[in-house]
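Turn these sequences into a full structure, and let the hints steer you where they fit.
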Amino acid sequence: MSCSEWFPGITVSKETFCRKYDLFWSVVDLKRLKESTAVRWIVFVGGTGTGKSTLFNFLCKSNVSSTGVERPKTGGCIVALPERAAVDDSFYHLAKWGQSYPADGTPEYFTLAHHTNEKFENWALVDTPDLDSLIESHHRLAEKMGYLADVVIFVLSEEKYADEKLVSVLIQQFSWHPCIVITVNKVTDSKIIAADVEEILRGHGFPDFRTKVITVPFFSIVPDNWCEFEDAILKRLPFCLQNEARLTARFKGLCSELLTILAKEREVLASLEVAITEAMKKSFSAFVEKHTKDISESARSLLREEIQRLYSRYDIFSGPRRFLKDLFFAPFRWIKKSNAKSKEAALVSDAKYLQHQLIMSAVMGSINQYIVDVYRIMEPYDSSSLCKRMKDEKLILSESEVEEKIRNLTERLMDWLRGEFEKLSKGIPKLKEWGIYSSMLLWAVFLLAIESALGGGISVFDALLDSVLAPVVSKYTVEWFAKRDIHRIGQEFIDRYKQGILEIMESQRMKFVELLKVEDLVKMEMKRISSVCEET
Amino acid sequence: MTLEELQTLSARIDELEDRLRQLPKWAFEEKEADKCFLTIAQVREKLDKVKDQVITVGLLGGTGVGKSTIINALAGEEISTASHRRPHTEKILMYHHETIRIRDFMMPNEAPVVCLSHNADRARSLILCDLPDFDSVRKEHRQRVLNFLDNLDMIVWVVSPEKYADQVFYDFLKAALEKKSPGNFYFLLNKADLICDSEENRTLLWRVVENFRGYLRDSGIDAPIVYAVSALEVFNADSISSWNQWELFEREIFREREIKEVEAIKEANLKQMLDNLSLVVTNCEERMLPVRRLISQLPEALKEHKQRMDYQVKMIVNAWADSFLKNADQEILDFGTLLVGPSRLIFSLVEIFSKRRQFCDAARGTLDSPPDISQVLKQLSNRLTSFVMSKNLPAPVSEELIRIWSFSELSSKWVAGVNTYLETIKTMGLSGLVGWKAFIFRLKQYLSFWIIALVFVASMGRIWELKEPFSWNSMLWAMLKCCERMFSLDGFGALLSFVMIEILVGCYFVSRYRKFLREVAQKFIETIEQEIFQLWDDFVSELCEDIRREGEILLAGSENSVGEQ
Ligand SMILES: Nc1nc2c(ncn2[C@@H]2O[C@H](COP(=O)(O)OP(=O)(O)OP(=O)(O)O)[C@@H](O)[C@H]2O)c(=O)[nH]1
Ligand SMILES: Nc1nc2c(ncn2[C@@H]2O[C@H](COP(=O)(O)OP(=O)(O)OP(=O)(O)O)[C@@H](O)[C@H]2O)c(=O)[nH]1
Ligand SMILES: [Mg+2]
Ligand SMILES: [Mg+2]
Numbered sequence: 001m002s003c004s005e006w007f008p009g010i011t012v013s014k015e016t017f018c019r020k021y022d023l024f025w026s027v028v029d030l031k032r033l034k035e036s037t038a039v040r041w042i043v044f045v046g047g048t049g050t051g052k053s054t055l056f057n058f059l060c061k062s063n064v065s066s067t068g069v070e071r072p073k074t075g076g077c078i079v080a081l082p083e084r085a086a087v088d089d090s091f092y093h094l095a096k097w098g099q100s101y102p103a104d105g106t107p108e109y110f111t112l113a114h115h116t117n118e119k120f121e122n123w124a125l126v127d128t129p130d131l132d133s134l135i136e137s138h139h140r141l142a143e144k145m146g147y148l149a150d151v152v153i154f155v156l157s158e159e160k161y162a163d164e165k166l167v168s169v170l171i172q173q174f175s176w177h178p179c180i181v182i183t184v185n186k187v188t189d190s191k192i193i194a195a196d197v198e199e200i201l202r203g204h205g206f207p208d209f210r211t212k213v214i215t216v217p218f219f220s221i222v223p224d225n226w227c228e229f230e231d232a233i234l235k236r237l238p239f240c241l242q243n244e245a246r247l248t249a250r251f252k253g254l255c256s257e258l259l260t261i262l263a264k265e266r267e268v269l270a271s272l273e274v275a276i277t278e279a280m281k282k283s284f285s286a287f288v289e290k291h292t293k294d295i296s297e298s299a300r301s302l303l304r305e306e307i308q309r310l311y312s313r314y315d316i317f318s319g320p321r322r323f324l325k326d327l328f329f330a331p332f333r334w335i336k337k338s339n340a341k342s343k344e345a346a347l348v349s350d351a352k353y354l355q356h357q358l359i360m361s362a363v364m365g366s367i368n369q370y371i372v373d374v375y376r377i378m379e380p381y382d383s384s385s386l387c388k389r390m391k392d393e394k395l396i397l398s399e400s401e402v403e404e405k406i407r408n409l410t411e412r413l414m415d416w417l418r419g420e421f422e423k424l425s426k427g428i429p430k431l432k433e434w435g436i437y438s439s440m441l442l443w444a445v446f447l448l449a450i451e452s453a454l455g456g457g458i459s460v461f462d463a464l465l466d467s468v469l470a471p472v473v474s475k476y477t478v479e480w481f482a483k484r485d486i487h488r489i490g491q492e493f494i495d496r497y498k499q500g501i502l503e504i505m506e507s508q509r510m511k512f513v514e515l516l517k518v519e520d521l522v523k524m525e526m527k528r529i530s531s532v533c534e535e536t
Numbered sequence: 001m002t003l004e005e006l007q008t009l010s011a012r013i014d015e016l017e018d019r020l021r022q023l024p025k026w027a028f029e030e031k032e033a034d035k036c037f038l039t040i041a042q043v044r045e046k047l048d049k050v051k052d053q054v055i056t057v058g059l060l061g062g063t064g065v066g067k068s069t070i071i072n073a074l075a076g077e078e079i080s081t082a083s084h085r086r087p088h089t090e091k092i093l094m095y096h097h098e099t100i101r102i103r104d105f106m107m108p109n110e111a112p113v114v115c116l117s118h119n120a121d122r123a124r125s126l127i128l129c130d131l132p133d134f135d136s137v138r139k140e141h142r143q144r145v146l147n148f149l150d151n152l153d154m155i156v157w158v159v160s161p162e163k164y165a166d167q168v169f170y171d172f173l174k175a176a177l178e179k180k181s182p183g184n185f186y187f188l189l190n191k192a193d194l195i196c197d198s199e200e201n202r203t204l205l206w207r208v209v210e211n212f213r214g215y216l217r218d219s220g221i222d223a224p225i226v227y228a229v230s231a232l233e234v235f236n237a238d239s240i241s242s243w244n245q246w247e248l249f250e251r252e253i254f255r256e257r258e259i260k261e262v263e264a265i266k267e268a269n270l271k272q273m274l275d276n277l278s279l280v281v282t283n284c285e286e287r288m289l290p291v292r293r294l295i296s297q298l299p300e301a302l303k304e305h306k307q308r309m310d311y312q313v314k315m316i317v318n319a320w321a322d323s324f325l326k327n328a329d330q331e332i333l334d335f336g337t338l339l340v341g342p343s344r345l346i347f348s349l350v351e352i353f354s355k356r357r358q359f360c361d362a363a364r365g366t367l368d369s370p371p372d373i374s375q376v377l378k379q380l381s382n383r384l385t386s387f388v389m390s391k392n393l394p395a396p397v398s399e400e401l402i403r404i405w406s407f408s409e410l411s412s413k414w415v416a417g418v419n420t421y422l423e424t425i426k427t428m429g430l431s432g433l434v435g436w437k438a439f440i441f442r443l444k445q446y447l448s449f450w451i452i453a454l455v456f457v458a459s460m461g462r463i464w465e466l467k468e469p470f471s472w473n474s475m476l477w478a479m480l481k482c483c484e485r486m487f488s489l490d491g492f493g494a495l496l497s498f499v500m501i502e503i504l505v506g507c508y509f510v511s512r513y514r515k516f517l518r519e520v521a522q523k524f525i526e527t528i529e530q531e532i533f534q535l536w537d538d539f540v541s542e543l544c545e546d547i548r549r550e551g552e553i554l555l556a557g558s559e560n561s562v563g564e565q
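Those protein sequences? They're chains R and E, same order as listed. The first sequence begins at 1 in my numbering and counts up one residue at a time. The second sequence begins at 1 in my numbering and counts up one residue at a time.
If you're looking for bench data, these hints aren't it; they were derived computationally from the structure. We put the CB at the ideal spot given by N, CA and C, even for glycine. Treat the hints with care, as some may be off.
Said to hold, decoys possible - Estimated spans, in silico, between C-beta atoms of each pair:
(1) 292/E x 527/R: 44 to 50 Å
(2) 392/R x 374/E: 26 to 32 Å
(3) 146/E x 530/R: 31 to 37 Å
(4) 392/R x 261/E: 52 to 58 Å
(5) 22/R x 276/E: 44 to 50 Å
(6) 530/R x 223/E: 54 to 60 Å
(7) 536/R x 222/E: 38 to 44 Å
(8) 146/E x 394/R: 27 to 33 Å
(9) 220/E x 122/R: 35 to 41 Å
As the list claims (entries may be wrong) - In silico PhoX-like cross-links for lysine-lysine, where the CA-CA straight-line distance does not exceed 20 Å:
(10) 290/R x 174/E
(11) 260/E x 394/R
(12) 31/R x 20/R
(13) 174/E x 165/R
(14) 391/E x 391/R
See the structure below:
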C-alpha cells in the first residue's frame, strides 16, 4: 500500500512524510545492495553540467557515463565496480548491466559497469544525476546517495559555485558527511576560486572546514588521462575508511525521524478516538438527563394501559360498574364537558405522532450536538485529509436513517413488551390473583352494608358514590397489585430504550472511529520500520 | 495605440478594479489583495506613460552566464565589469542616451542603480540595463531583480550551456510572466563558443538550442526567439564565427521601431498584467462560489427542519398553555361574585376543597416565563453549525455564519420576542360576564331558586286544597298546616328533596358558570398559543432573513479595509 493511502497526515503533511518514507525504503534497498558487495562507494554529486560524469570517467579510466551538452544528461545512478569485486545475486534486483557504454542511466535501476582503475580496486565509483535541473526527480535520486556513500565528491564549477540551490543542498544534505570532497571544476584561476568557495561555505556555517577544496582546471579540450585529480582523491581516501558509524548514525537518524512522526501520529489518533468517544458519552448523558422524564412518562402511560388491560380480567366489578356509570350519568351529561372525550380521542393519535416526533428530534438533536463536538475536536487538524474525510456529509446519519432506526427500536421494544405481557398473563401467581379478588370482595361487602343500612334499594347517592368511588377503589386495587410489575417492566423498558438510543449514537461514533482505524496500519508500519532499523 | 484601444484598456482596468472591490477580504489569500490593488495602480501609471517612446531592455540571467559581457559587447566598450568570480554584478546599470532623463522612466524602488549615458544614436530610444543575478547565494540580488522588473519593457534572458536547464531559471521566468508578455522576450544562449569549439560541432549547438526551446515551450512560451551567441568573442573583437548569431541579435535590439510598435510592446505587457490579474480575480471569485451556494441552500435546509421543529414547538407550547389553563381556571373563579344563593354556597365549598389560593401565584408565574423551547433552538443551532462546518469554508466565513445561530444568540432573540408579547398580554387580562348579561345570569338564578322555594312552600301548604275564598283565617290555617306537615316524616322528606333540588340547580349554575369561564380562558389561551406560533414562524423567517443579510455582508466587497495603495 502506498504511503499516501495509509498515512493520516495529522501532525505533518502527507507530502513531507511520504518523501521521507520513500527515501527511507530506497535507502534500505540501497543498503542491501551495498552490503551485497564488499566494496566502499565513492559517489559524485553536483549540479548539472558541472562535469560529474567527466570526472567520473576520469577515475574510471574509460567512458562509462555519457557526458554531453544536453542538460541534464545523466538520468540515473551509474555504478562502476572494480573488475574483481564479488557481487551477490541480490545485487541484481536493483542493478542491471548497461546496454551500451557510455550510458545515460535511468531512474528505475542502477546501471552497472566496471572500472579499470587499479588504484581504486576496493572502491565502487558512482555517478548520479544532478541536484539543480528542472527535472526534480533527479534531485531526490542524488540526495539519497548521501546516506551510503563512504566518500562524497561534491562537484561544483566556476560558473555554479555560488548558486544558491547547490550551496543549500550541500549544506543541508551533505555537510554532515564525514568524508566529503568539494571539487570545483572548469576553474581558470584556482587560488582565487578555491578561496571564494571556502569563504562562501564558511559563511553558510559549513561545519569545521575539514577538507580543502580541490580545483580542476578548465581544459579547452578534455584530456583522456589526467592524474592530478586522481591523486588528490587518493590522498583523501585513507581518512575515509572509518566512517561506518557516522553513516549508521545518519541512517538511524532517519529511522527515528520517521518513528517519531508515526508515534506522534498514533498518539494523536488515539487521543482523537478517546475524545470522540468521550464526546459521545457526553451527548448521550445530556440526552438522558434531558429526556428521561419524557421517555419514562410516555413509557409508563403506555405500560399502564397495557397492564391494566391485562389485569382488568380480574376486576369483577368492571362490567356492572360501567353499566351503572352509563345509567347514572345519562341524565347528567350536561354537567360534564360533553365534547371533551371525543376531542381527547382525536388527540390520542395526534399525541402519539407528536411523541414520535419528539423522540426523533431529541435523538437528532443530540446526534447533531455530537457531530458539532467532533468537528470541534478535529479543528486543530483542519488541514489534514483525515479531517476532510471526517467532515464528509455522508458520514452523518441522515434523518431518514435515524427515523428508521428509531422505528426499529420501537418495534423491538414492542415485541419485547408483548413477550413480557404474555409471561405475566400466564404466570400471575395464585396468591396475587386472590389478593385482587379479596379486595374486591371487601368492597362489595361494604356496598352491601350501606344498602342494607339505608334499606329500600339503592338511592341516588349510593349510585353516585358507587360510580365515583367504586371505579377508583377497584381500579386502585388492581393497580396496586400491578404496581410492582409496572415498576419492574417500566424500569427495564426505559433501560432498553436508552440502550437503543445509545446504539444509534454508537453507530454514528463508529462511523467516525472507522476513519481512525488507520492507526493499526501506522502501528504495523512502525513495527516494520523499527525492525529494519534494528537490523543495522 | 489608438485612442479607442487606450479606452478599451482603461475600461478593462476599471472593470477589474470593480470586480476586485466587490470581493470580500476573506476571498483573497494572504496579502493577495494588496498586491492586486498595487498592480492596478501600476497598470494605471504605466498606461499614462504608454506614449513614451523609450524602451527599457533588461538582461536577466543566473550568475556567470555573461550578462555583463553582453552589455559590454552591445555598448562596444567596457561599461560593466565582468569577472570569473561569482556573483559579480551587484548594482543595476542603466545605460541610456544622453537625451533621456532616466528618472522619468523609473518606478520608485530601492534597488541601487548606476546610470551611464552615451551618445550613440542607434540606441537613442533604448535604455539598456545590466542586472544582478537571480540564482546566487546573495538572495538580495534576486529581490533587486524582481523589484526592477516593473521598469522593464523588454527582457533578454541569458543562459549558458551549463545553466540552461537550471530549475531556478524557469521558476524566475514564471514569476516574470506575471508581469511581462512573452512576446517581449528574447533568449540568448551565451558562451556558445564552449560548445562550438570547432566548426563541425555546429549540430551540437543546434541540439542544445532545440533542447532549450523545448524547455521554454514547456514553461509556456509558445514561440521563443533564441539566439546562440558568444559575447566574449564579440567583445574581444575577434572575427565573429559563422555560428555566432550576435549580429542578428544586435540588429533586432537596435532596430528602429515605429511608434506603434513601441506602444504595442508596452501594451502587451500591460495586457499580460491584466490577464494575470483577472486570473487571480477569477480565482478569488471562484472561492466565493461555495459560500454563495451554501448561503442560498441554508434557508432551504432550515425549512426542511422547520416541520419537525414545528411539532416540537407545538408540544412545548401546548404543555405550557395547559399549565397556564389549569392555574388560570382557579384564578378566574374570582369572578364567583356573580353567583348567588345556593350556587354561591356550592361554589364556596368547591373553592375550599380545591385550595384555590395556592395556585394563584403560579398562574401569574406562567405568564412571566415564556414556553421554554431552548431544546429546539439548541438542536437548530447544532444542525446548522454542523452543516456549515462540514463545508470547509474559509475560517472567517464559517465563524461569522456560526455566530448568527449560536445557541445563545438564538435563545436571547426568541426570549426577547416572546417576552415583549407576553408583557402586552398581561395588561389585557380576562373578562367575565359584564353588563346586562351578568344581570340576566343573576336574574335566572334568583328566579329559579325562588320559584323552587315558592313551589316548595306552596306544596307544603297544599294551596290547591284551600277551597274557600282568600281570607286571613284560611291563610293562617294553611300556614299551621304547613308547619304541621313540615315536622312530620313526610315534611322532612320534602324538605330534603327541596334542598336536593336547590343544590342540583345550584350545581347546574356553577357548572354553567365554570364552563363559561373555562371557555373564556380557553379562548384566551388559544389566541396566545396561536400568537406564539406566529412568533415562532416569524422567528424562523427572520432567521432566514438574517442568513440572507449576513450572506450579503459576507459576500460584499470590503472597500474600506483594502484601500488604494
Ligand atoms: N572544455 C571543458 N569542458 C568540460 C570540462 N569539464 C566538463 N566539461 C564539459 O561540460 C559538459 C558537461 O559535463 P558532464 O560531465 O556531462 O556534466 P554532468 O555533471 O555529468 O552533467 P549531468 O549529467 O547533466 O548532471 C560536457 O560537455 C563536458 O565536455 C573541462 O574541464 N573543460
Ligand atoms: N567562453 C565564454 N565565456 C564568456 C562568454 N561571455 C562571458 N564569458 C565569461 O563568463 C564569465 C562571467 O561573465 P559576466 O559577464 O561577469 O557574467 P554575469 O552574467 O554578468 O555574472 P554576474 O554579474 O555575476 O551576474 C566571465 O569570466 C566571462 O569572461 C562567452 O561568450 N564565452
Ligand atoms: Mg552526467
Ligand atoms: Mg555581471
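| Restraint status (C-alpha distance of residue 290/R to residue 174/E at most 20 Å) | violated (62 Å)
| Is it true that residue 146/E and residue 530/R lie within 31 to 37 Å of each other by Cβ? | violated (47 Å)
| Cβ separation of residue 22/R and residue 276/E, checked against the hinted range 44 to 50 Å | violated (35 Å)
| message | A range of 44 to 50 Å was offered for this pair. Does it hold for the Cβ distance of residue 292/E and residue 527/R? | response | For residue 527/R against residue 292/E, whose Cβ atoms are near 49 Å apart, the range 44 to 50 Å holds.
| task | May I ask you to test the hint 52 to 58 Å on the CB atoms belonging to residue 392/R and residue 261/E? | result | holds (57 Å)
| request: Using the beta carbons of residue 536/R and residue 222/E, state whether their distance is inside 38 to 44 Å or not. | output: violated (52 Å)
| field | Range hint compliance [Cβ, residue 220/E to residue 122/R, 35 to 41 Å] | value | The hinted range 35 to 41 Å is violated for residue 220/E and residue 122/R, with Cβ atoms some 50 Å apart.
| said: For a C-alpha distance cap of 20 Å, please report whether residue 260/E and residue 394/R respect it. | reply: Violated: residue 260/E and residue 394/R sit about 61 Å apart, past 20 Å.
| query | Between residue 31/R and residue 20/R, is the straight-line Cα distance small enough, at 20 Å or below? | reply | holds (16 Å)
| message | If I claimed the Cβ atoms of residue 392/R and residue 374/E lie 26 to 32 Å apart, would that claim hold in this structure? | response | holds (30 Å)
| request: Look at the Cβ atoms of residue 530/R and residue 223/E and judge whether their distance stays inside 54 to 60 Å. | output: Holds, since residue 530/R and residue 223/E (Cβ atoms, about 56 Å apart) stay within the stated range.
| query | Are the Cα positions of residue 391/E and residue 391/R separated by 20 Å at most? | reply | holds (8 Å)
Hint compliance for this structure: hints 3, 5, 7, 8, 9, 10 and 11 are not met, and every other hint is.
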